[in-house]
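**Student:** Given the coordinates of chain L, assemble chain Z onto it according to the supplied hints.
Number of protein chains: 2
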Amino acid sequence: MINENKARFANESFYEAFNKRDIAAMERVWGEDENTTCVHPGWPPIKGFEPILNSWAGIFENSGNMEIKISDVQVMASEDLAWVSCIEKLYTIAESGVLVSRVFATNLFHLEGDSWKMVMHHASPVPDIKGTEEVSKN
Amino acid sequence: MINENKARFANESFYEAFNKRDIAAMERVWGEDENTTCVHPGWPPIKGFEPILNSWAGIFENSGNMEIKISDVQVMASEDLAWVSCIEKLYTIAESGVLVSRVFATNLFHLEGDSWKMVMHHASPVPDIKGTEEVSKN
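Quick mapping for you: the protein sequence lines, in order, are chains L and Z. Quick note: the first sequence uses our numbering, first residue 743, plus one each step. Quick note: the second sequence uses our numbering, first residue 743, plus one each step.
Just chain L, same shape as in the assembly (with noise of 0.2 Å):
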């Protein structure tokens, strides 16, 4: 249970970076094992840190009026070995109002050294019968 807790607040970090932009937080997240790979909703894979970090600092250029809020989050956690999985509802601000969609990711986060670092981030939209849903307008 107490890997449990520290695998949803490595995931929850992750979330943080995300909504703050901020890269050097995000480098704290990730893992530097081999495998270590992300996949971006409808993105194909990236492998290895460096290419992972250049991503998110891409993303986070071209990302300004996002946000991500999580739900449905289930956590199975080994000695060394974490997966967290959850809804992202992702909130973009458009011209008409605010937009969201609705990702499901695959988290996995691997114990490196004493910190539990983010080894695999899988994120692919999930469908809507509205696709992408309007929540309100400004």
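Heads up, none of these hints are tricks.
Remember, identical chains collapse to one label, so a pair may be satisfied in a single copy or spanning two.
Taking lysine to any residue and the SDA-like style, the derived pairs with C-alpha atoms no more than 25 Å apart in a straight line are:
1) K831 / E776
2) K831 / N777
3) K789 / V842
4) K859 / R763
5) K762 / F802
6) K859 / A767
7) K762 / E803
8) K811 / N777
9) K789 / D870
10) K789 / V868
11) K859 / M808
12) K811 / E776
13) K859 / I812
14) K859 / N747
15) K811 / W785
16) K748 / D822
It is worth saying that the hints were derived from the structure and are not from the lab.
**Tutor:** This is chain Z only, laid out in the frame that chain L set:
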């Protein structure tokens, strides 16, 4: 390393069950943990052993001409949780010839008793410049 091999074997059993459309084998692959989740490419996540098996039964009924070959297999295993990622090359026999599309899969296995059981299959399409590539014409 032993657990890595067991996870690799469990992963192969999953694709073998798919290629043989063997629902009994597919039942033996999957775990009954409450977190057990399956994301078919472009589908919403399905949770729980029975709904997941029902989805495979439906796919088997409608996929007579499909075969998956995997590549780029990478494995990370802990005491009782293991991660396998791979590229699925999905071959479909169409009137115009054999079509191949690529899917990226994150598969997780959990030790239940003395068996490594699949608790997550997260598959999403890999974008390609050509989208779907035609490999041969008959």
